[in-house]
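So you can see what is in the structure, the chains are spelled out below.
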Amino acid sequence: MNYILQTNSLTKKYKNFQALNGLTMNVPKGSIYGFVGKNGAGKTTLIRLICGLQEPTSGSFSLYGIRNDSKDIIKSRRRMGAVVETPSIYMDMTAEENLKHQYLILGLPSFDCIQELLKLVGLDNTGEKKAKNFSLGMKQRLGIAIALAGDPDFLVLDEPVNGLDPQGIVEMRELILKLNREKQITVLISSHILDELSRLATHYGIIDNGRMVKELSAEELDTVCRKCVRMEVTDTSTLARVLDSMNLEYKIISATTADVFAKINVTQLTVVLAKENCEVLSMQEKDESLESYYISLVGGDNNA
Amino acid sequence: MRKLFRAAFYRTENKKMIRIELVIAVLLSAFIILNGYFQTNLTNAYIYKLVARFFGYSPLMGPFIAVFAAYLWGTDYEYGTLRNKLICGHTREEVYFSNLLLTICAGLSTALIWLIVNGMLGIPLLGTASLNLSLGEMAFYIFSSLLMVVALSSVCCLLASLAENKNSATLLCLGAVAAMVIIGMLLYDRFAEPELLDGWMWSDTDPTVRWHPQNIKFIGGTFRILLEFLICLTPGGQGVILCEEGVEHLIFLPLCSAFVIFSTSLIGSRSFKKKNLK
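Going line by line, the protein sequences match chains A and B. According to the UniProt record's numbering, the first sequence is numbered sequentially starting from 1. According to the UniProt record's numbering, the second sequence is numbered sequentially starting from 1.
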């Protein structure tokens, strides 16, 4: 698989606090990578490291295959855009002025694409309004517009829906999907709002205490979180035989437990199992979401 | 760096704060010359030396540069816009030196405005005689004072880059500038002590005898050279010594400024490179 970003045992230590502890992650090209973790898990620290705002204590990462200790890392950063924590915008400038400023930083020859960019993020009608008078959602979108100014193919968004109202969240989601689908931009999003993330992400990385707990694709998560009936029986080999004869999909979990991925006729199945001398001890419908999956991985002491 | 400089220039060119600073420089400069002119005419006893007014801006440049540098760095830290520059591939050295260059430009333009207003008003009103300097000396003084502005910009740029937001950057820069001027004044006061005091002695035979006792506060020898060097080394002190025309070793002026520019730029760019940014 082609990866945009790969980290290898990345560690960042502050005076008395280890923010990243040997983090290893892989962001596939073209994906929307949902980066999930508790407060202080190390999400923003990782983003700061890949953006070049801080240096790792040990370990390494590569961006477009270029390692962070190479001089060319600066060139590869030119292909990425980022909004870290709060949108990086001048409050005393209009949206257009902010973009002009960013165009000058990038050394772009003309300001022709600014209106197009403003339209893309839905800020084309803001006129002379200063950024300080924008709503939080507008500021976030302006931050994204600035990150998009250099036409990047990798966008890093740190908590992009934090503090947004429901309308703002929907708009942000649509914008991210549009960028990913229409412009083929790979997106790395860190977010607390797992439900929202599950509507977007094609890949997930679950981080806890500076370590990657689990990295999986949306398909893999779907498999893990599939709606199923967890059955506890006296003999799973009999259960397997019966389920095979009924053409039902299942997964044996242990000698007495199995997950059945189908809508089953409980009476019919119990009768058939009884005839085969297999008792049904319990039956429970399971519908795991990203949230419950996350909690099952990292524990539920703190909120995500 | 050219791209960053152009962007920073775009950001500041139409800012109200910059225009206010320049207007204050013009008004203050004009006020000082006019005040000198009227006092000379009214009292007829004291002739204002134009050169002192001419370089009167030197100690006053500190606050101008401090506010500008703090604005430039402070807003970048506070709004997080520094990130935009680094993420899109500029090195930290480029960021540091582009901000330094812009601070120097702002400082020099304020100084030049002061000098122009002084020249345009001061020479017709107070006359060229009041300059009491040769053309060569004058050019050297102007060059040295402008170099001092560059040194002051370097100090403020270093301090502002160490701060985390606009308010702390402003406090740090203004505090440092004030401290430099105060230290400079205190050192200069000691440096300006005359070798001999002017005194009168009364006795029964001869009631009024003028005599010149040795001033115990006078500093001479190597220590005097060292003290002058120290005064010149703080841009604030150099402003005071220029304003008071107290320089004994002219070479100290550009030499000390060059040292300050080099050392602060080196320290500033190195520390900024290592700084953890948010």
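Hint data in this document are derived by calculation from the structure and do not stem from the laboratory. Misleading hints may appear alongside valid ones.
Result set (DSS-like, lysine-lysine): computed pairs, CA atoms no more than 27 angstroms apart in a straight line [unchecked claim]:
1) B:LYS217 x A:LYS71
2) B:LYS275 x A:LYS38
3) A:LYS75 x A:LYS129
4) A:LYS13 x A:LYS286
5) A:LYS100 x B:LYS16
6) A:LYS130 x B:LYS275
7) B:LYS16 x A:LYS15
Derived Cβ-Cβ restraints for the label pairs, each shown as a range [stated by the list, open to error]:
8) B:ARG2 x A:GLN18: 37 to 45 angstroms
9) A:ASP165 x B:GLU164: 53 to 61 angstroms
10) A:GLY127 x B:SER271: 36 to 44 angstroms
Heads up, the beta-carbon is just placed ideally off N, CA and C, and yes, glycines get one too.
Each hint tested on the structure:
1. B:LYS217 x A:LYS71: violated (59 angstroms)
2. B:LYS275 x A:LYS38: holds (26 angstroms)
3. A:LYS75 x A:LYS129: violated (34 angstroms)
4. A:LYS13 x A:LYS286: Violated, at about 40 angstroms.
5. A:LYS100 x B:LYS16: Satisfied, since the Cα-Cα distance of roughly 19 angstroms is no more than 27 angstroms.
6. A:LYS130 x B:LYS275: violated (31 angstroms)
7. B:LYS16 x A:LYS15: violated (41 angstroms)
8. B:ARG2 x A:GLN18: 37 to 45 angstroms: Taking Cβ atoms as reference, ARG2 (chain B) and GLN18 (chain A) lie about 40 angstroms apart, which means the hint holds.
9. A:ASP165 x B:GLU164: 53 to 61 angstroms: The hint (53 to 61 angstroms, Cβ to Cβ) is violated, given that ASP165 (chain A) and GLU164 (chain B) are roughly 30 angstroms apart.
10. A:GLY127 x B:SER271: 36 to 44 angstroms: Because 41 angstroms falls inside the window, the suggested range holds.
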